[in-house]
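Line order of the protein sequences matches chains A and B.
Read in order, the letters of the first sequence correspond to residues 1058 to 1547 in my numbering.
Read in order, the letters of the second sequence correspond to residues 7 to 125 in my numbering.
Since the hints were made in silico from the structure, they are not lab data.
We put the beta carbon where it would ideally sit given N, CA and C, even for glycine.
Heads up, a few of these hints could be off.
With a Cα cut of at most 30 Å, we get these calculated DSS-like pairs of lysine-lysine [claimed, not checked]:
1) B:Lys122 - A:Lys1394
2) A:Lys1543 - A:Lys1349
3) B:Lys122 - A:Lys1388
4) A:Lys1317 - A:Lys1349
5) A:Lys1394 - A:Lys1470
6) A:Lys1543 - A:Lys1466
What the simulated footprint calls covered on chain A by chain B, stretch by stretch (three residues with Cβ under 8 Å from a Cβ of chain B suffice, anywhere in the stretch; the number is not a length) [claimed, not checked]:
7) 1076 to 1089
8) 1244 to 1256
9) 1378 to 1391
10) 1413 to 1420
11) 1431 to 1442
12) 1446 to 1453
13) 1488 to 1500
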Amino acid sequence: MTQLHDMTVADMAAGLKAKRFSATEAAQHFLARAQADMQPTGTGSFLALNPDATLAQAKAADARIAAGTAGALEGVPLAHKDIFVTRDFPTTAGSRMLAGYQSPFDATLVQRLADAGMVTVGKLNCDEFAMGSGNENSAFGAVKNPWDASRVPGGSSGGSAAAIAARLVPAATGTDTGGSIRQPASFCGITGIKPTYGRASRYGMIAFASSLDQGGPMARTAEDCALLLSAICGPDPDRDSTSLDVPAEDFTLSLNADLKGLRIGIPAEFFGEGLAADVRAAVDGALAELTKLGATLVPISLPRTELSIPVYYIIAPAEASSNLSRFDGVKFGHRAKDFTDLESMYKQTRAEGFGPEVKRRIMTGTYVLSHGYYDAYYLQAQKIRRMIADDFQQAFQQCDVIAGPVAPKVAWKLGENANDPVADYLADIFTLPASLAGLPGMSVPAGFGAHGMPVGLQLIGNYFKEAQLLNVAHRLQQATDWHLQKPKGM
Amino acid sequence: MCLNASARRLLSNPFSPASLMSLNPQEIDRIAHLARLALQPAEAERMREQMNGFFSIVEAMQAVDTAGIEPMAHPVAAIQDVALRLRDDVASEPNQREANQRSAPAVDSGLFLVPKVIE
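Next comes chain A alone, as it looks inside the complex (with noise of 0.2 Å):
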């Protein structure tokens, strides 16, 4: 048999049902890599594990399962980033602020997995509430990738990332506000996609963007992200104001669907200078084989893609400093020794609580919607947030859906970026644009490029298209084998 840790999510739920194993033999299977993966010499993506609170979810899929009563996922183990809330366990969206936090409820996200049966190995690790693109924002240290320790493994899910490509986990959630699903799963090379904005409840995710933020899942394989995605998806009306009145889907139904006549749109501004040249031949592969299947290339234009830039650094850190002004020290959280007055108990709480790129965009933010600047910054990059969005309905008259990079280059060194706040920023170029529209994107691995460091080609759809999107990579892994590449020692 298959090691537990080398089998997909859809090996698992069959071997559950089957009674080849059992839900607490897998749970206690991945709580023991977990905690040996906390040891120093680990890849740091773990924050927080309850091995009671695990067991005894195991115990009760076992008890599903022996009376035939079990969920589509029962006794699968996932871990969820810390950004989720979770009643057992503790939360801290990689913040001291919330070090020890203990949520009173489940966000819906951690609800709607646990009512398909999956059991939750632990917390993972994330940049600083949600903010960064290298895991190295979080305030109890860096994630390593598991291809090459001395590596970035992707942000802001990086902990989902590695913890997935270390086989700690064989699925997670994540969180994407401009990539955080798909350049962390492109670093490590995983599959993980963000359902279209509006789909999966926001409810308990600790808000970092409210436009932006969408949780979705992160796996091996594209199977195993359409499994968790029909679990997580459908609408939240009385939780989440910004949730759709969409339906949830089964996105596994059409998987195998021909691909003949697809026609793929190609962004001429995300195949520019910018794009280093291992990863551009990575992508490219991959889109021939995508060709081989029967799909055509059309090129297309996405004119504002560096303009993606500067509009999304201003609209997310303005929604950020509004979101993060409920961290001041009073009703949960950290809280300052020393102060003399209310307004220094808030400023010294935040002072200390909160990490340098938090209140770099705190910053950026309440600046940039203070008197006086809010039409010139914020108001000014809504409009061209709706240029933008305009710009892939065009698109979409010409394509189906639309390929590229997830990334300019493979993932970084740890450190490279420390003090350069902005090259982060720049590098988030081919993810920006789709988190700005609200539309659907995932990261397919795509091979390797330099350093034998993963690439992940980029998927974006029309909104609602995520069955499309799944499709589409689902096929190119029965074509490849890139998915199925593990690092050394995994």
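Position chain B relative to chain A; hints supplied.
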């Protein structure tokens, strides 16, 4: 619209070097106060340099003609009308005061404690 001099310059003539936004130390102090962030002097200076570095890439945005374009808040508004829902104004959650206050820094008799505000 109420713009201060530097923002007005920025809008009217996006390409002139004078439009390059540059925050001074007093402005950093003002923003930090609005954001309720205590910044040490060295930290404030580093913040100023980094924010000015960032705003150099924001300049490109100011050159875009957005006359007649509606700002977009919910992205799916690109293809359909999106109305934010209001739920009925009735209590939907059970009282979980104890659980909700478990992570509070200072609580007494079910109340959140803050430093004295009124003498």
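Using a Cβ cutoff of 8 Å, are there at least 3 residues of the stretch 1488 to 1500 of chain A near chain B, or does the coverage claim fail?
holds (count 4)
Mind checking the alpha carbons of Lys1394 (chain A) and Lys1470 (chain A) for me, to see if they're no more than 30 Å apart?
violated (37 Å)
Need the status of pair Lys122 (chain B), Lys1394 (chain A): alpha-carbon distance at most 30 Å?
OK: Lys122 (chain B) and Lys1394 (chain A) at ~15 Å, within 30 Å.
For Lys1543 (chain A) and Lys1466 (chain A), compute the direct alpha-carbon distance and say whether it is at most 30 Å.
Within the cut-off at roughly 20 Å; holds.
Outcome, coverage of the stretch 1413 to 1420 of chain A by chain B - at least 3 residues whose beta-carbon is closer than 8 Å to one in that chain
Three-residue rule met by the stretch 1413 to 1420 of chain A, so holds; n is 4.
Do three or more residues from the stretch 1378 to 1391 of chain A put their C-beta atoms closer than 8 Å to C-beta atoms of chain B?
Answer holds; 9 residues pass the 8 Å Cβ test.
Coverage of the stretch 1244 to 1256 of chain A by chain B (three or more Cβ within 8 Å):
holds (count 3)
At least three residues with a C-beta closer than 8 Å to a C-beta of chain B: is that true for the stretch 1446 to 1453 of chain A?
Our answer is that it holds, as 4 residues pass the Cβ test (under 8 Å) against chain B, meeting three.
Pairwise hint evaluation, Lys1349 (chain A) against Lys1317 (chain A), where the allowed Cα distance is 30 Å at most
Cα-Cα ~9 Å, so holds.
Take the C-alpha atoms of Lys1543 (chain A) and Lys1349 (chain A), compute the straight-line distance between them, and say whether it is at most 30 Å.
Cα-Cα ~25 Å, so holds.
Given hint Lys1388 (chain A) paired with Lys122 (chain B) - CA-CA distance at most 30 Å
holds (16 Å)
Okay, the stretch 1076 to 1089 of chain A and chain B, do three or more residues pass the C-beta test at under 8 Å?
Violated: only 0 residues of the stretch 1076 to 1089 of chain A have a Cβ under 8 Å from chain B.
Of the numbered hints listed earlier, those contradicted by the structure are 5 and 7.
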